[in-house]
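Protein sequence lines correspond, in order, to chains R and B. Its first residue numbered 1, the first sequence is counted upward by one per residue in the UniProt record's numbering. Its first residue numbered 1, the second sequence is counted upward by one per residue in the UniProt record's numbering.
If you're looking for bench data, these hints aren't it; they were derived computationally from the structure.
A short list of chain B residues far from chain R (calculated; beta carbon distances all over 10 angstroms):
no.: 1; residue: E30
no.: 2; residue: F60
no.: 3; residue: S107
no.: 4; residue: N121
no.: 5; residue: S157
no.: 6; residue: A162
no.: 7; residue: L173
no.: 8; residue: Y206
no.: 9; residue: S234
no.: 10; residue: F246
no.: 11; residue: F258
no.: 12; residue: G271
no.: 13; residue: A323
no.: 14; residue: G362
no.: 15; residue: L390
no.: 16; residue: P417
One side only, chain B facing chain R, incomplete, derived with CB under 8 angstroms:
no.: 17; residue: R12
no.: 18; residue: P14
no.: 19; residue: R15
no.: 20; residue: A17
no.: 21; residue: S18
no.: 22; residue: E20
no.: 23; residue: V80
no.: 24; residue: G95
no.: 25; residue: A96
no.: 26; residue: Y190
no.: 27; residue: R191
no.: 28; residue: L228
no.: 29; residue: E229
no.: 30; residue: R230
no.: 31; residue: H232
Where a beta carbon is used, it is the ideal one built from N, C-alpha and C, also for glycine.
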Amino acid sequence: GGMAAELLLLLLLLAAGPGPGPGRAQRDALREELLLSPLPAGDVAATFQFRTRWDADLQRGEVSHYRLFPKALGRLVAALGVRELHLALTQGFWRTQAWGQPPLQAPAGAELWVWFQPTVTDVDKAWKELSNILSGIFCASLNFIDSTNTVTPTASFKPLGLANGTDHHLLRYAVLPREVVCTENLTPWKKLLPCGSKAGLAVLLKAERLFHSSYHSQAVHIRPVCRDASCLAVSWELRQTLTVVFDTFASGQGKKDWSLFKMFSRTLTDACPLASQSKVYVDISPKNKEKELLEVSPPPTSVHEAVVQGDKRTYAVYDLLSPLLFNTSRSLNVQLKWQRPQDSSELPTPVLHAQRYVSGYGLQTGEISTLIYNTHPYRAFPVLLLETVPWYLRLYVHTLTIITKGKENKPSYIHYQPAQDRRRPHLLEMLIQLPANSITKITIQFERALLKWTEYTPDPNHGFYVGSSVLSALVPSVIAMKDVDEEQSPLFTSLFPSSDGSSYFVRLYTEPLLVNLPTPDFSMPYNVICLTCTVVAVCYGSFYNLLTRTFHVEEPSRGGLAKRLANIIRKFRGVPPL
Amino acid sequence: MVRGTNVYGILRAPRAASTEALVLTAPCTEGPRNNQAVGLLLALAAYFRGQIYWAKDIIFLVNEHDLLGMEAWLEAYHDVNLTEIQSSGPLGRAGAIQAAVSLELSSDVVTSLDVAVEGLNGQLPNLDLVNLFHAFCQKNGLLCTIQGKLPRPDGDSLPAYARSLQTLLLMVLAQASGRPHGDHGLFLRYRIEAVTLRGINSFRQYKYDMTTLGKTLEGMFRKLNNLLERLHQSYFFYLLPSLSRFVSIGLYMPAFGFIILVLILKISFWGAGGPRRGQDPSPPLLPLPKDPHRPHHPLPVISRQESRPGLLALVPPVLICHAAGLALYFLPVLGQRVATQHFPVSEAEAVVLTLIAIYVAGMALPHNTHRWGVTGGSDQGWVTLKLVTLLYLALQLACLALLNFSLGFVLAATMVPAAAAVRPTGPK
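Here chain R stands alone, though its shape is the one from the complex:
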């Protein structure tokens, strides 16, 4: 009691230190940024990132004054003992082969993975509560997350923030491949932003244009980070990211020139007043060293060069907080024009990409095949593959084969947890070494189970989904990457911590699968009931009659009232009675 209050006061004073006066709450800062990257074939990808950093310790002591950090998420983290939370809602699939390596990828549907604090005793109970609360906050059906689609990966999902000790029993991962993203999910996501959708970059997030795209992914990441270089204290960071890809043909009417107005039907008028940094980055890297490919207008305030994902890239920067920007016009409409048409030699081949499909036919067996491509010309690197398969596809692990260049490839680490019917899915994690310039094929056979007739969904002939598999790898990069200072560099370079300068972390997802299970004829229970009841009724009735019917002679009746009256009249007349 008393000790806690003293500690709290001490912390408050320490945090308030250089601030403008005592009693001020902990410092928090908002940075917002928009990255526009033109993709091959004329499409354009827009990635929004909003980062709120709060120098408070949500776990220890009570914090009651929420300013930029949303209260709903802050109280969630404190109450349930969450150390890291990552929630992504995606519709569409990032075509790595055509679009290049994604800055952040998420699987189709809803994905939630959470690291809990070591102080949490019942992780499953906390997980269930968390998914239900998040389902309410984001209006998504995350309450369907239960033990049949939750797994505990051992190697694929390491904490992205500060961590001391990683007991993987504190980690939970679930994916719902059937979820869709619509305006009901976008609105609560926008409400968590400090400026809402009224000022700053978030004014561009209008649902009508955002959903007229080829790929839409919105995510929330909460993690603890070091407060400064000495890392004596902990700050909490909330990142909200939204990635959307606009298609030339569908939304661009076939022309490849883009502008903010064409993409979002809005332009930027000012920065969010609560933001300490608000920038727009446009990727203008020349694909081959000769000439610029793109022309941007109006002229940018500065140009930034960085090594991102193994490539040297040039970005045109528009700083919305600089007074020069809104000198000439009141709104900023960044326009991208292609100076010359692209030729196919400039299409980048991503170093790592993957494909997954179901082989075989029929409703009894099948085979899940995953193809992983390593297109690096001379470097080999290992990749961690995580597959979560629902229990009704019974995997036969003795049929697991991994073949590279015609020869068998033994993984150096395998973790397999078999499924339990109606309780737990299959979990298969493997560390596979990919030789340079090779294609690796991983196949595993399965058998389709027949569910109980009450377990089928109302549309069983649509099929059942298998969630995307996760590939995590440290891809070697050609160009050495310097260690970046988090505060100075753009947000899109600092989500994944880089261990050394020679490789960068990539997390890829494969396509979800749709498999048909054998479905019974659902009219049969009704038919059987009708037939049985009819047979029972007819047979029972007949048998009962046969056994219990007796015959007896019936006396002739004396006649009714009318006959007696007629007899009385006849007696009067003297005529013989009836």
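Given the structure of chain R, go ahead and fit chain B onto it with the hints provided.
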């Protein structure tokens, strides 16, 4: 050795994770049989690209060598090895295929559009797909036919019934042949509903251009795109007397059942008592006490003893028949391999020559094997053989009708009268 190339492109649906796909295919053969379909396919691809409403990926496929190319593509897509076709090349995929349409056009104006439904081994697509085609043809005012026959005139007149019967019999013959009548027939094994649409240009007044045809196909694809589940609501087993009427399995199976009933009755009639009146002198069951001059009267005990070795004597004819069947199944393939290695004949000629050789050997069969047969002994023997044969025939026809109804029906209609009525005559 046949080599070929298939070319295909995938239109990715926006905001879809490539879980389901539809296929539009145009077989590309030499000659004028199908020289306009690829043009229509490309025009549709260009039009579909700009639309926002696609929820399933669309695969546009042009295959070479008709059925061979189609089978090669399907086997490569589903990663199975059913025939010895080998394919190579990078393979883009789009998830599970829900439905497919195969297009054949030989001219750029058509007078009618014909639909073919029979697939490999008599498999049929879901009736909903045929109904979909019929609905969109009527919506666009396109004349649609089946089996090349115009729709029946309205009313209950004799010409109308005759035309329906003709269309029905054409479909029965087409299904009984087991040959896929279009590239769609190979999709059905993978439970992908598919039909083939053929544009016919005959000597009629009113011709339709590619716009109408394109609108019909676009309508069909939009409907297939909007499906939430695979087609399963309508019948999988049916016969079509015309595009707007169908005969379901519940109606046509009893007809087959009656034919088999003839055999069953024959079996039970003969099995119970044997032939009552026969031209052959069959031995009476009870010894007549008034004939002491025929000491070698077969007593009922003796006749029963004679029928028991008769059962063992049934084995040789059955074995010989099975051997002939196996020979017909395996020898042509073996003969083809051997003959092409040692003799200068082509594969097709080798198969035909082997078959002719087997038939000629089969014609000599009764002369060679009758001495092992049953009829050397009693006259009761052939009755037992006939019983067993009729039972076997009934079982086989029933199984065949379950797999390919038309084939089973055609065989039953021709074999049952002959099998039931035949008796052996001539020297025993």
